[in-house]
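Using the sequences and the accompanying hints, generate a full structural model.
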Amino acid sequence: MPVTTSHQDAATKTVDVGGKSFAYRDLGPRTGTPVIFLNHLAAVLDNWDPRVVDGIASQRRVITFDNRGVGASEGRTPSSIAEMAKDAVAFIRALCFDRVDLLGFSMGGFVAQVIAEEQPDLVRKIILAGTGPAGGEGIDKVTLLTYLDVARGALTCRDAKYYLFFTETANGRSAARAFLERLKERTENRDKAISVPSLRAHLKAINGWGVQLPRDLSRIQQAVFVANGDHDRMVPTQNSADLARRLPDARLKIYPDAGHGGIFQHHAEFVPEALDFLAA
Numbered sequence: 011m012p013v014t015t016s017h018q019d020a021a022t023k024t025v026d027v028g029g030k031s032f033a034y035r036d037l038g039p040r041t042g043t044p045v046i047f048l049n050h051l052a053a054v055l056d057n058w059d060p061r062v063v064d065g066i067a068s069q070r071r072v073i074t075f076d077n078r079g080v081g082a083s084e085g086r087t088p089s090s091i092a093e094m095a096k097d098a099v100a101f102i103r104a105l106c107f108d109r110v111d112l113l114g115f116s117m118g119g120f121v122a123q124v125i126a127e128e129q130p131d132l133v134r135k136i137i138l139a140g141t142g143p144a145g146g147e148g149i150d151k152v153t154l155l156t157y158l159d160v161a162r163g164a165l166t167c168r169d170a171k172y173y174l175f176f177t178e179t180a181n182g183r184s185a186a187r188a189f190l191e192r193l194k195e196r197t198e199n200r201d202k203a204i205s206v207p208s209l210r211a212h213l214k215a216i217n218g219w220g221v222q223l224p225r226d227l228s229r230i231q232q233a234v235f236v237a238n239g240d241h242d243r244m245v246p247t248q249n250s251a252d253l254a255r256r257l258p259d260a261r262l263k264i265y266p267d268a269g270h271g272g273i274f275q276h277h278a279e280f281v282p283e284a285l286d287f288l289a290a
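Letter 124 of the sequence shown, counting from 1, is numbered 134 in the numbering used here, and no numbers are missing.
One or more hints might be untrue.
[Unchecked claim] Once the Cα atoms are required to be at most 30 Å apart in a straight line, the calculated DSSO-like pairs of lysine-lysine come out as:
(1) K202 - K214
(2) K96 - K151
(3) K23 - K96
(4) K263 - K214
(5) K96 - K263
(6) K23 - K151
(7) K214 - K30
(8) K214 - K194
(9) K96 - K202
[Stated by the list, open to error] The following label-pair restraints were derived from C-beta to C-beta distances:
(10) S16 - T43: 20 to 26 Å
(11) A180 - Q232: 34 to 40 Å
(12) T41 - S16: 14 to 20 Å
(13) T41 - R225: 21 to 27 Å
If you are wondering where the hints come from, they were derived from the structure by calculation, not from laboratory data. From a predicted model like this one, the values you see are computed outputs, not experimental measurements. All C-beta atoms in this analysis are idealised placements derived from N, C-alpha and C, irrespective of residue type, glycine included.
The structure is reproduced here in structure tokens:
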């Protein structure tokens with residue numbers, strides 16, 4: 011069976027995780043350490059930027075998945091990052107992987123940090139994008155910001171990510187439109203949208219992460235690539251700098267004139283940098 015390297019064509023599969031069916035897509039070469047993508051608030055399989063998924067999958071095995079209760083995955087969505095991390099580890103184990111790389115975007119970056127702390131032998135390298143540490147500045151305001159920009163999107167007939175992920179500059183608006191068009195490229199066998207209860211669980215988990223006491227990031231000994239835009243409204247950019255300072259082995263990249271979705275806006279730069287980091 012030929013290997014798929016296209017997000018647009020990758021089959022949606024399922025695996026049993028503790029008696030619940032988890033939906034995932036598996037693409038890229040079968041060699042090397044697989045890269046597990048950990049998704050953002052309210053996101054399902056079809057919310058990953060195809061340029062990032064396909065770019066990484068051109069050289070690495072990529073697994074995207076819906077965590078418990080999200081999209082096509084069964085079960086009740088947990089309302090804490092710790093429980094999401096446990097479910098993600100159970101999913102990884104269900105696929106019989108004993109060593110993985112993690113790419114966590116936004117909320118997925120919170121989950122990645124917990125996995126790396128609690129399952130250090132499972133994780134080889136980590137990419138943390140548009141994310142921050144527990145108790146990070148402004149993270150407890152994500153719920154309010156999300157509701158405001160969802161309402162703003164409704165009033166202007168736009169997806170809320172147009173406002174949440176990108177800057178208000180001409181470059182930012184152009185990048186937002188291009189990104190949202192890319193999310194429509196897959197037309198067959200698309201994932202289910204997130205349910206309202208799952209969205210609420212995500213928001214509760216993010217708020218809980220935002221008001222937690224800071225964690226001891228020195229426990230994360232793996233190499234980490236931290237990336238963000240220079241004007242992230244959702245998880246303010248200073249959190250990325252904070253992560254890079256507190257992690258023992260981290261490199262930091264801040265993309266100019268970019269917001270929360272900096273790795274999507276600058277995918278042509280981010281993908282080769284991520285591949286170089288994972289290959290080193």
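Right, here's what the structure says about each hint:
1. K202 - K214: It holds: about 21 Å lies between the C-alpha atoms, which stays within 30 Å.
2. K96 - K151: Between K96 and K151 the Cα gap is close to 25 Å, so the pair holds against 30 Å.
3. K23 - K96: Given that 30 Å is the threshold and the Cα spacing comes to 21 Å, the pair holds.
4. K263 - K214: 29 Å, holds
5. K96 - K263: 29 Å, holds
6. K23 - K151: 35 Å, violated
7. K214 - K30: This hinted pair holds, its Cα atoms lying about 22 Å apart.
8. K214 - K194: Given pair K214, K194 holds - Cα atoms ~28 Å apart, limit 30 Å.
9. K96 - K202: Status holds; Cα separation ~23 Å.
10. S16 - T43: 20 to 26 Å: 21 Å, holds
11. A180 - Q232: 34 to 40 Å: 38 Å, holds
12. T41 - S16: 14 to 20 Å: 18 Å, holds
13. T41 - R225: 21 to 27 Å: 34 Å, violated
In the structure shown, a violation is registered for the earlier hints numbered 6, 13, in ascending order.
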